[in-house]
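Protein chains: 2
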Amino acid sequence: MIEFSKNQIDKLPHLEKINLINSATGYKSANLIGTISEDHITNLAIFSSVTHYGSAPAIFGFVVRPTTVTRNTYTNIKTTGYFTINPVHEKIITDAHHTSAKYPEGISEFEKTDLEEEYKDNFKAPFVKGSPIQIGLKFLEEHHIKANGTILVLGEIVKLYVKESLIENDLFINLSKANIATINGLDGYTIPLAPKRQAYQRPK
Amino acid sequence: MIEFSKNQIDKLPHLEKINLINSATGYKSANLIGTISEDHITNLAIFSSVTHYGSAPAIFGFVVRPTTVTRNTYTNIKTTGYFTINPVHEKIITDAHHTSAKYPEGISEFEKTDLEEEYKDNFKAPFVKGSPIQIGLKFLEEHHIKANGTILVLGEIVKLYVKESLIENDLFINLSKANIATINGLDGYTIPLAPKRQAYQRPK
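Chains as they are written, first to last, in the working numbering: chain A, 298 to 501; chain B, 298 to 501.
Bound-form chain A, shown alone (with noise of 0.2 Å):
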């Protein structure tokens, strides 16, 4: 085993110590939030940090970065209330990565790729067409951490739309069906094979 001490990890090159660390955790989903701003102006941007919070109610977290620049996403979920989760699949790895890249403000990632917008249901923000499964939500409550000035910020599930084909009899979505993607680190994509599911755990 390599050991790396916490000094060790602090001391490596920037590149170095971000893929090792984001590397550490483990497999990350893979989705593209949309929002838009009170102007208009659509933003679309990849995350790895969607969590599950809570069934009843639907919650999903995820994490943004300090506001030291301008971030699109949760300034337009601050202003109109609403947000989009859609998960990347094999298709559109390549555009779900590039809006990672640093646009201008007033320049939505939508233009810059071939993603499409899809408004739906009086929904507010903007969905990705085509997307095997489009989730709405309603921004809900946000947690700023003390540590690194990261916000979690968290929103409740109001529409969910999930192509037919994914779903089997108990309502689990199987997502290996829509080929979607899982990351390793910052940059590695993946499309996992069907899952083996396993039984509920009762003590032996």
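It is worth saying that the hints were derived from the structure and are not from the lab. Hints are supplied without guarantee of correctness; some may be wrong.
In this list, chains with the same sequence are indistinguishable; a pair is considered to hold if it fits within one copy or across any two.
[What the hints assert, rightly or not] Simulated pairs of lysine-lysine, PhoX-like, Cα-Cα distance not exceeding 25 Å:
1. Lys417 with Lys314
2. Lys417 with Lys399
3. Lys474 with Lys493
4. Lys474 with Lys314
5. Lys375 with Lys443
6. Lys501 with Lys399
7. Lys303 with Lys417
8. Lys421 with Lys460
9. Lys474 with Lys501
10. Lys375 with Lys388
11. Lys409 with Lys501
12. Lys421 with Lys409
13. Lys303 with Lys435
14. Lys314 with Lys460
15. Lys501 with Lys426
16. Lys409 with Lys314
17. Lys308 with Lys460
18. Lys474 with Lys421
19. Lys314 with Lys443
20. Lys435 with Lys417
21. Lys460 with Lys501
Dock chain B against chain A, hints included.
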């Protein structure tokens, strides 16, 4: 597309609701969190919510459910200040998933499975022996989610051990080389193949 409104989600039977909502985030990390009580009783529990919060300093977070019943992981972290994170890999999936069974207090999951404790470098909490990645963390801060009483627990990495064969030149950890698992929903495990890495993105 099958459509679920907030009201329809809220009215679903419990098992269908948790399957649907837990699958909708996309793929999750699969990690075992190891702790020890003041009375030296160890605890090992599977979590699918470990999330990267920062690399400098290196901060990871995970979510614990409301403390209406005893939550050993949370209690142990709050009393000792330390915990370990160990990824689930192909050979230990059955035992790792079994740690979700509700054992009475005083019984360690290390006794009830073939998973073995490992202590090293005077780190207080137990690692999982043979794990290709072993992360030792110090408790940093916690955030209580108002909407449902869940708790975000944050820790800083103080020790990181990685099997040498997984580490690439730029310190990217290739999770597929250790057959590390990812979770779909509550109970679907799959072992992703090697990732394809995308380049750093600049505006077009």
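Do the hints match the structure? See the list:
1. Lys417 with Lys314: Close across copies (23 Å), not inside one copy (42 Å); limit 25 Å.
2. Lys417 with Lys399: Close neither inside one copy (28 Å) nor across copies (43 Å); limit 25 Å.
3. Lys474 with Lys493: Both. Shortest intra-copy (13 Å) and inter-copy (20 Å) distances satisfy the 25 Å Cα cut-off.
4. Lys474 with Lys314: between (34 Å within a copy, 20 Å between copies)
5. Lys375 with Lys443: Answer is both; intra-copy 20 Å and inter-copy 18 Å each pass.
6. Lys501 with Lys399: between (53 Å within a copy, 10 Å between copies)
7. Lys303 with Lys417: Classified as between; 15 Å across copies, 48 Å inside a copy.
8. Lys421 with Lys460: within (21 Å within a copy, 47 Å between copies)
9. Lys474 with Lys501: neither (34 Å within a copy, 32 Å between copies)
10. Lys375 with Lys388: neither (31 Å within a copy, 44 Å between copies)
11. Lys409 with Lys501: Answer is between: at 7 Å across copies they meet the 25 Å cutoff, but 55 Å inside does not.
12. Lys421 with Lys409: within (21 Å within a copy, 50 Å between copies)
13. Lys303 with Lys435: between (38 Å within a copy, 11 Å between copies)
14. Lys314 with Lys460: Only across copies: lysine 314 and lysine 460 sit 17 Å apart there, 39 Å inside one copy, limit 25 Å.
15. Lys501 with Lys426: between (47 Å within a copy, 22 Å between copies)
16. Lys409 with Lys314: neither (30 Å within a copy, 37 Å between copies)
17. Lys308 with Lys460: between (47 Å within a copy, 20 Å between copies)
18. Lys474 with Lys421: Result: close neither inside a copy nor across copies, 29 Å intra and 43 Å inter.
19. Lys314 with Lys443: Within one copy, since 21 Å is at most 25 Å while 34 Å is not.
20. Lys435 with Lys417: The answer is within: 15 Å in one copy meets 25 Å, while 45 Å across copies does not.
21. Lys460 with Lys501: neither (38 Å within a copy, 32 Å between copies)
Figure legend: structure checked against the earlier numbered hints; hints not met, in rising order: 2, 9, 10, 16, 18 and 21.
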